[in-house]
Amino acid sequence: MPVRILIADDHAVFRSGLKALLEKEADFQVVGETGTGVDTIQAVDKLTVDVLILDINMPGLPGPRVAEAVLEKKPKLAIVVLTMHDDEYYLQELFRIGARAFVLKKATATDVVQAIRAAYRGEQFIDSSLTSRVISSYVGRPSKESKTGRLEILTPREREVCSLLAYGYTNAEIAQRLFISERTVETHRNNIMTKLNLKSRVELVRFAIDNGLLKLT
Amino acid sequence: MSRAHACFRFLSRLSWWLLSVPVFIKVLGISLVVALLFGAITLFHTGSTLSRSLYGFLEQRTRADAYWLAASLERPMSQGDQLTIREKLARAVENAPDVRYIIVREPGGRIAAHTFKSGVPPDLERLWSPPATGGCDVLTLGSREGLIVEARCPILGGSAGSLQLGVSDRQITAEVRALNRSVLWTLGFSMVLGTALGLLLTHLFMTRPIYRLARAANRVRQGDFDARATVVSADEIGRLAAAFNEMAESLRRYRSEVEEKEKARLSLLDMIVQAQEEERKSIARELHDQVGQSLAALLLAIQSGIPQDQLPAQVREDLAAKLRELSDEVHRLAWGMRPAILDDYGLDSALSRYVAEMASRSGLTIDYQFSGAPDLGRLPSRIEVPLYRIVQEAITNIVSHANATRAGVVVLRQQRTVTLVVEDNGQGFDVASAPGSRCLGLTGMKERAALVGGECLIESKPGAGTTIRVTIPLGGAEPSPAAAAQPRV
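Residue numbers (the working numbering), protein chains in the order written: chain A, 1 to 217; chain B, 1001 to 1489.
Warning: the hint list may mix true and false statements.
Said to hold, decoys possible - In silico SDA-like links for lysine to any residue, alpha-carbon gap of 25 Å or less:
no. : chain 1 : residue 1 : chain 2 : residue 2
1   : A       : Lys215    : B       : Pro1374
2   : B       : Lys1461   : A       : Glu182
3   : B       : Lys1281   : A       : Asp87
4   : B       : Lys1281   : A       : Pro64
5   : A       : Lys215    : B       : Thr1417
6   : B       : Lys1322   : A       : Lys215
7   : B       : Lys1281   : A       : Glu158
8   : B       : Lys1281   : A       : Glu123
Don't read these hints as lab results, they were simulated from the structure. These figures come from a predicted structure and were not determined experimentally.
Assemble the whole structure, with the sequences as input and the hints as a guide.
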């Protein structure tokens, strides 16, 4: 039984290229081509489609909206997203909406075919070049538990300086505010970083937020 | 030598101090000096005039008295009537307390009678000489008690003897002293009155206009170019006030011209930046949509379209690889121009991606932290774009110039402000003397921040790393001419 594929992409040359590629597979059958989001939604309605290859950068309706609309009509439709964007944010959103595969346009032919097959089978597929990024975003930031110190080991003055640094004040401004010299500010700053085992202002900001020295209103 | 020098310095300091006395006091001082001079001259002149006339009067009276006394002594002298002579003398002295002495002499010069208690003083005796003319002589003698006016008269033409009548000037001196005292009192009183009047008038017509002028000048100094001095007269002060007003007017006009120009410049800058962003956006899109797609299509064609015998597998592989490379380049270029993720997902996502990308490309450790109260939404696009561009510029600089090992990007998103800090531990630079190309990038950051009503502060010291801090108030602030017109750091 052939896999009925609808190609939705606004770039005509690319569409024909992809069509030629897919038709080399024995079990693939390209049942239609569309160039806009609206056309795609209509085509899905009219034709019987197993797999939709969707370019999320078509003019008019944004890609994610097209995917949503299509899935409303045909919830069991397998969507393979085809895109130039390799940002994992698009990945997250589209998977959340219900797409099953995410492939970059510069991918190899085998990847595209693999993606279609996997989607048809009901599995999910991510382009290999994106895997590492997805995994790192899944793993998230390294946790910062007791590597950083506790608030009590700072003197009151150091706490002041720490808070001001977290708010973004420069050394000169802190010196002015606290009526001390810039050298003193630098000394305090070095002490704070050393005592709390912090490597950069960013870590200092995180520490400040975690310990209530920085209040975001 | 140094003694004279020190003396000179002291004198010049003293004169400076004296000249720095307020104008009010100076005017007062001048009028006092004039009053004193006037008073002194008056005093002196009236005193001496009165004195002179009183003395004249005294001489006349003494002569007359002596004449009549001599006349009354004619018969007693002729008859040698000592008793009557003494009586008359005593009565004369009694009646006129100013009479110091009366001496009656016989024709030869021998003293017949006198009024001295003891004898006639020898000095007086020495001064005597018989009256030359037939009439009376008056002369002035000095004595221990003051001046004596003496009249000498012949008795009966000199044949019966002569008479000396001496009168003291005590009354005169008393009169003159009384006059002086009264003049002094009057002078003092009128000086006080005059001073008070002078103070009032000086204040009204001189110092008050000057103070008003000084106050207006002060207001102008503080930036209020609408301040004007009231012109109440056409005298020198009035002319000064008028000139000052004209000057303030032209300052005001000048400043509003400058403000207009600055506003025009800022709006032009804004337009340029917007146009630049639009252009980048459209270039990115073109690159992405047209070139990128075409490359992808080409890639597909290579992989599938050309039959095996026309294109050997190895060549195909190489072509495919090169196309992928090219595709990556184009993608990176488009993304560098205007990352779609900034528009679609916001600043946090775009920055996190950018930082990760730059960190891996340069080998630098770049920390990233975006902190915001969770209930606040996304920042408006017109603020996200400049912040993104500033981070781009800052990180590019760090990678190419700073020689750093670690950098950090912190964004604090609060309800009314957003703060961005980009910091590195590199070699820093001297902000004041940044070379032209560097300077342009730094200026660009400041201008971008100023255009959305914010401020960009760059702090760096050679050897101590660099900190760039951008604060942007939220709530639709207009680009402020004041912020952008600050002197370049």
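Is the Cα-Cα distance between B:Lys1281 and A:Pro64 25 Å or less? 21 Å, holds
Restraint status (C-alpha distance of B:Lys1322 to A:Lys215 at most 25 Å): Violated, because 51 Å separates the two Cα atoms, which is more than 25 Å.
Pair hint B:Lys1281 and A:Asp87, alpha-carbon separation not exceeding 25 Å: 18 Å, holds
Holds or violated: B:Lys1281 with A:Glu123, Cα cutoff 25 Å? 36 Å, violated
Quickly compare the C-alpha distance for A:Lys215 and B:Thr1417 to 25 Å and report which way the hint goes. 13 Å, holds
Within a Cα-Cα threshold of 25 Å, do B:Lys1281 and A:Glu158 meet the stated pairing? At roughly 46 Å apart (the allowed maximum being 25 Å), A:Glu158 and B:Lys1281 break the hint.
Straight-line alpha-carbon gap A:Lys215 to B:Pro1374, limit 25 Å: 12 Å, holds
Is the Cα-Cα distance between B:Lys1461 and A:Glu182 25 Å or less? 12 Å, holds
Of the hints listed earlier, those the structure fails to meet are numbers 6, 7 and 8, in rising order.
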